[in-house]
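Visitor: The residues making up each chain are set out below.
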Amino acid sequence: MIWVLLVVGALAQDYRFPTSQADEAHWYPTAYRDHAGEDWNCGSIRYTGHRGADFGGGSFAGMADGRDVVAAASGIVSAVSDGHFDECTTADCAGGGGFGNYVKVKHPDGWNTYYAHLKKFSIPVSIGDFVACGDLIGEMGSSGHSTGPHLHFELRDPGGDSHEPFLGSCSETTRSRWVDQGTYDALPALTCDTSFAECAPVQTISCGSVVDGRNDMAGSQSEHQFYGCSEFVYSGSEVSFEVITDLDEPVTVDVTGVSADLDVYVLQTPACDTSGCLTYSDESQDSDESVTWTAEAGQSYTVVLDGWEGAATDFQLGVQCDGALPQPEDSGDPDDTDDPTDSDSDSDSDDGGGRVPNDELGGCSCASSGPAPFALLGLVLVLGFRREARRTPEKAARTS
Amino acid sequence: MTGLLLVLFACAPAPAPVGVGGVADLVPFTAVPTGGAYVDYQDAPRTRIMLRRTGDDRLLVDDGGSPDRPTLSADGGTLAYVSAPDGLAAVFVFELATETTRQLTNLEPRQPGRLGPPAGFVDVPRTAPRFEGDDLVWLVGQDTVRVSWR
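Protein chains in written order, with my numbering: chain A, 40 to 439; chain B, 15 to 164.
One or more hints might be untrue.
To be verified - The calculated label-pair distances, taken between Cβ atoms and stated as ranges, are: (1) A:H202 x B:R144: 53 to 59 Å; (2) B:L73 x A:G199: 56 to 62 Å; (3) A:D327 x B:V154: 42 to 48 Å; (4) A:Q60 x B:G134: 32 to 38 Å; (5) B:D157 x A:F99: 19 to 25 Å; (6) A:G76 x B:L153: 54 to 60 Å; (7) A:R214 x B:E113: 45 to 51 Å.
Unchecked claim - Some chain A residues flagged as far from chain B (calculated, every beta-carbon gap over 12 Å): (8) A61; (9) A64; (10) G139; (11) G173; (12) E193; (13) T212; (14) I244; (15) G337; (16) D353.
I should point out that these hints are in silico values taken from the structure, not numbers from a laboratory. Here the structure is a predicted model, which is why all the values come from computation and not from measurement. Ideal Cβ placement from N, Cα and C applies to all residues, glycine included.
Chain A on its own, in the form it takes in the complex (with noise of 0.2 Å):
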């Protein structure tokens, strides 16, 4: 419920119809969230305690002939549950906590999506993939507490609480949640929202720069809440600066002189979707944060500042480079041992004269342009999402 509270005045993430246009006309609704026994528009397409919205799609024949169930806004695929049986008709068959065969995908405004009673092993994303809006994450099916082949939407806000994503006369919100919700009895549009995920940086910086700000100054956003790296999410104002290099090189970002809980994002781009995440800082509390990620020339990488739990602080940003005059290509001489930023271990020999081969300088982690980096962030993202199944995202109890 403090979610709620939190959420309100920021500008959300609104959803396109869960599905393909090629399998648009095979959709119908069948039983829209209950509201003290009256649905959204204060009809009785609805049952008793049902939380989300059901949509049908020709029942067994359908499910056979394959419904597509697509994602409703893109994010991060956070939960995934597969293998269970999917032809249930007597609505209390196992798996997936009622669910069934289900995805869950977490949304840059920290909200989330459900797909619910999937057909089995139709479930293509994993746990930590990215998934853009349109893209395939299942096929209807029958699993779980189903009575026949449906699909279950459901959108939860960031604390878990389910909410309505219809307006209407008896519906709760004062906002519809579909980018076009359609008619009553109808499907909504199978429009992406392309007006929410863009990050604005308020001014771009470079090696050497240093900015005195706060995370609410001007030109600063409440919209973004989760970025894709981390499980966390951001109830606070962001602030964006676009960073930009002359050369291959890593680049710290320092975050001083806070007074509450501000932690920093790296993203390839400023999609702000989840798609670009590189790297995090998320110290607790007001400590310092630093950020080092190794740039390509001439590229844009966006910087977020968030606040944990609205937190809002002055802060002083610095960007350091490391520096390095583009090297001439690896000798092979093997004693060519006394620069440290030269590794011959490095296998990227090819990788395009006068790049400094930088993958082991300053002892950075964080992802790059290469295969390698990107497997590691995939790896942290996966075993993020698991441990968010685990526990609640408190910070306190969080770890770096």
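We have chain A; now place chain B onto it with these hints.
Guide: Chain B only, in chain A's frame:
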């Protein structure tokens, strides 16, 4: 034990009505008695397995994989259950004395982007598996699956 079972059944809500179009979901039963072990529906899809023996509930399994279908061995020392902590449903056993968990089936991980079951996938039981000596036993269609749990 009979008294305990009656109490647990009495606590279970009546089944939810079938929804419009013959489709319903999320029947919220909160307690499934199986020798004192039961599934606690925290906030679907999250579940955990609890043990109720002397009036005090003991948390047995809370692995993030929606654990369910619990059954206890005859000596009460071993719990078998189904869960999917890594995304793929499998059968596990939990030793109450040592609090150690072992995964018995479906050790091959899910493969990203792959449709269909991983190699060697064994269907999980649709209800709680049975202890028969050193084996756990359940039906998959007409076939009986036996897996040693010792």
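Visitor: Going through the numbered hints above, which ones does this structure break? Give me the numbers in ascending order.
Guide: Hint check: 1, 2, 3, 6, 10 and 12 fail, others pass.
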